[in-house]
Amino acid sequence: MLEITTTHYLALSFVLFTIGLIGIVSRRNMITVLMSIELVLNAVNLNFIAFSYQLGDLTGQIFSIFVITVAAGEAAVGLGILVAVFRLRGSTEIDRAQEMSG
Amino acid sequence: MDFLVANGEGLLFYFFALMMVVSALLVVTLRNPMYGAISLLVSFLAAAVLFLLRHAEFVAGVQIFVYGGGIMVLFLFVIMLINLQGLAESQRFLPHLPWALILGVLVVVMAGMLLSGVDFGAAGDTAVMTSIDGETVGNSEAIGWLLYTDFLLPFEVASVFLLVAMVGAVVLGRRD
Amino acid sequence: MSDWIWLVPVLPLLGALTNGVLLRGRVSNRGATAVALGSTALSLGVALVAIASYLGSEAYKAGEVFEKVVYAWIPAGTLQLSDGSFQNLSIEMGFRLDPLSCVMLFVVTFVGFLIHVYSVGYMAHDDGYQRYFAYLNLFMGAMLLLVLGNNFLVLFVGWEGVGLCSYLLIGFYFKETFPPYAGRKAFIVNRIGDFAFLVGLFALAERFGSLGFTEIFSAIEHDPSLVTGEYLLGMSFASFVALCLFIGATGKSAQIPLFVWLPDAMAGPTPVSALIHAATMVTAGVYMVVRSNALYQLAGGVSELVAIVGCATAIFAATIGLAQTDIKKVLAYSTVSQLGYMFLAAGVGAYSSAIFHLGTHAFFKALLFLGSGSVIHALGGEQDMRKMGGLRKHLPSTYKTFVIGAVAIAGIPPLAGFFSKDQILAGAWGSSRLLWFVGLVTAGLTACYMARLVYMTFYGEFRGTEEQRHHLHESPSSMTVPLWILAAGAVVTGLLGIPAFLGGGDWIGHFLAPVIAQVGTDHAHHAEVWLEWVLMGFAVVAAVLGILMARRTWGGDRGLEGGAAWAGRFPAVHRLLVGKYWVDEFYDRWVIKTLAALANGLRRFVDGYLIDGVFVHGTAFLTEMTGDLLRFTTTGNVRNYALYFLLGLLLMFWWML
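Protein chains in written order, with our numbering: chain L, 1 to 102; chain W, 1001 to 1176; chain Z, 2001 to 2657.
Everything labelled a hint here was simulated from the structure, so no lab data went into it.
Note that the Cβ used here is the ideal one computed from N, Cα and C, for glycine as well.
Any given hint could be a false lead.
What the hints assert, rightly or not - Between beta-carbon pairs, the in silico distance windows are:
1. W/Pro1095 - Z/Gly2648: 16 to 26 Å
2. W/Gly1112 - Z/Leu2602: 51 to 61 Å
3. L/Leu55 - W/Pro1095: 21 to 31 Å
4. Z/Gly2648 - W/Gly1112: 14 to 24 Å
5. W/Glu1009 - L/Val67: 23 to 33 Å
6. W/Val1137 - Z/Gly2648: 39 to 49 Å
7. Z/Phe2632 - W/Val1109: 23 to 33 Å
8. W/Leu1076 - L/Thr59: 28 to 38 Å
9. L/Val67 - W/Leu1081: 20 to 30 Å
10. L/Val67 - Z/Asp2612: 53 to 63 Å
11. W/Thr1136 - L/Thr59: 18 to 28 Å
Please work from the sequences and hints to get the whole structure.
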């Protein structure tokens, strides 16, 4: 049990991913949702690193760097949108923004 | 003492893994997003440690700088920008939380079942992680080398992406 | 020269095509006549030449048949026979000339042509003149296919074709309500027989891998055991097929139990009744049985059945004919009765006698029908004999030829009917005294009802209206000339079958001998000469008695009183006969109403409830319901959709496990 293998990392990554997904799916507050997205991306990063170590290939780590990069960009833009919508509606519960739904 | 040395990796892993999971749970469940943001930061830092355990030193560094020092700060700024009163929400969770919980638990259980039957075998050649063309250098140098040779195009694209994101964020953030 | 045999059915078909489709409505009556008569006359010409050529050929002298294959019609590929071997089933469109088909061919083309000529005069004032001739030509074509075909399937095509034309021509006056009904009745009753016929054909194809006459019958002759083993329901193969084919024959040739369509078929124009329902189409069943004599000889039980049914039908129809008042109905039942004689002959093994009677009957029955047509035409459409009378003064030609026909059918020597009927009775005597006796009684009845008809129509006082009397006139020569020709035939054709002991050579018997397969052990016995004289005497006496009885009741100037007196003495019997033994009513109640109820029930349940309700409406309803339910999943809420992702993920994992 104390011998850490890739399986451990994967399990951990999975749990984090699920937690993040539940957060995305069921929190009302948009900021929390964005934070949950970051959690998910983080879990994915764990996965990549674990496999990079397992396979002896640096590509996984490179990819992690790019994931972080994209996460940063996406967080910035997402927050920008959130702020714009908040100014419009006065609330971060964006579920109310359903003009596009059928 | 010997016990610690022998099983250091395991102990570190479990400790920081636990920290990650707990803080992740906190992020998802805390009412106040400020506290949530702090928990997220903790989660990131723990992740960085876990990266270190896997010889991903550069990525760990990047994680701390970018995630912790950049993204979380951004979050905190935005949270504080938006009036705290505006963050008082009617309810924390959406109506379909039970479904999400059930599905989530099931997914984890199934994944566990799947994983338990898989044996990945011995780890690969970790020397690669710190070498360029056989010459031992260091993780950062190795990654740097790859980034500017094999992965040059994605690197450039990523920089353009960041530029675009920056412009987008500025435009979105204007008050008029 | 016989190579042109294929023209014989094709020419009338072309005539039908021309009159019916190509020149429809575009030519005058004269043009239509030219096409119709021309094609039929040409067909007759080619037929005669082909017959002469065949009879003069070496092949005939060697006892062989002439076959001409036009093309491979259905190359059906390999068929696994019942004995497990494989055979190429290939059905060809081929024609066959042998003594039997020569006789049939001559009868059909000759009598058919005469009736075409007659129709020119009879139908001259009808609007549907061109249509009539198109149908008539179509009929000729189909009938010729039937008699010339060299395999069962071509025969069946002709069989169905004449059934179709029968329907078309019976319902010719489609603007009235009854003729179309009668046409449908004919077609549907025929269909019942046809179904049995087809089953027989399937069995034959499965056993022999072929439907050709040569293949099947020579195989049977070589090895009778092919068909005598047990097959189905305790019957031998031969019995089963013979029975199936015979059921088909009862439909087409109006025997018990499928005869009910023939009397109603009189709704069609009289020449049609003459051609189709007297001379040719109804004889197809007899032809088919005689053609298949190899099978019938090996199926003793079924042959007995054939004889019994034929005999029963003969007397049954004769009794009904005695009480009918419509001149055509009397003749119709007479036809049914005479067909019964033919089947009686076939059943007892006297195949050549059956064909002989078929030939003589064609002549005198056609003559009688055409004569009655002449009467009806002269009276402006009147068919009820109670309104006729004394017509011999006004319609001399018709009267004379009619009497010739009546005497012929009654079986008075030396006219044709005597010889053919006598042959049949002699054959029946050889098989069963009872059959002979019933046949004898029927002969007497035949003479009686025919004489009755003659007396009621031509003798006594005219009982019609003044207006009819005013218009009374002899028919045009286009109608009377065929009458005389047929009358000559009715006299002369008897000479073909003068039995040996009278000095003749039974020419027809010898002529047809090659067609009779040599399989059975029982061949018609020839009785001693004195016995034959005695039997002949009985037949003549019965006929004369019948005529005398009729004369006493209806003859001379007695008019209708005699008949009314008899009806008064036996009212129940009279009602039974007039009501045709209530057979139609019986069928209507037990068969038609049951089937109609069944059909209605099926319609309501299967079609209405099952197919419309469950399948069509049900499917629509299910789809609608599903749509209604699934509608709730499109919330527009993205996070809901993320939940679905989770669900999908779960399912994927589940699948992977």
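>> Going through the numbered hints above, which ones does this structure break? Give me the numbers in ascending order.
In response: When the structure is compared with the hints, only number 3 turns out to be violated.
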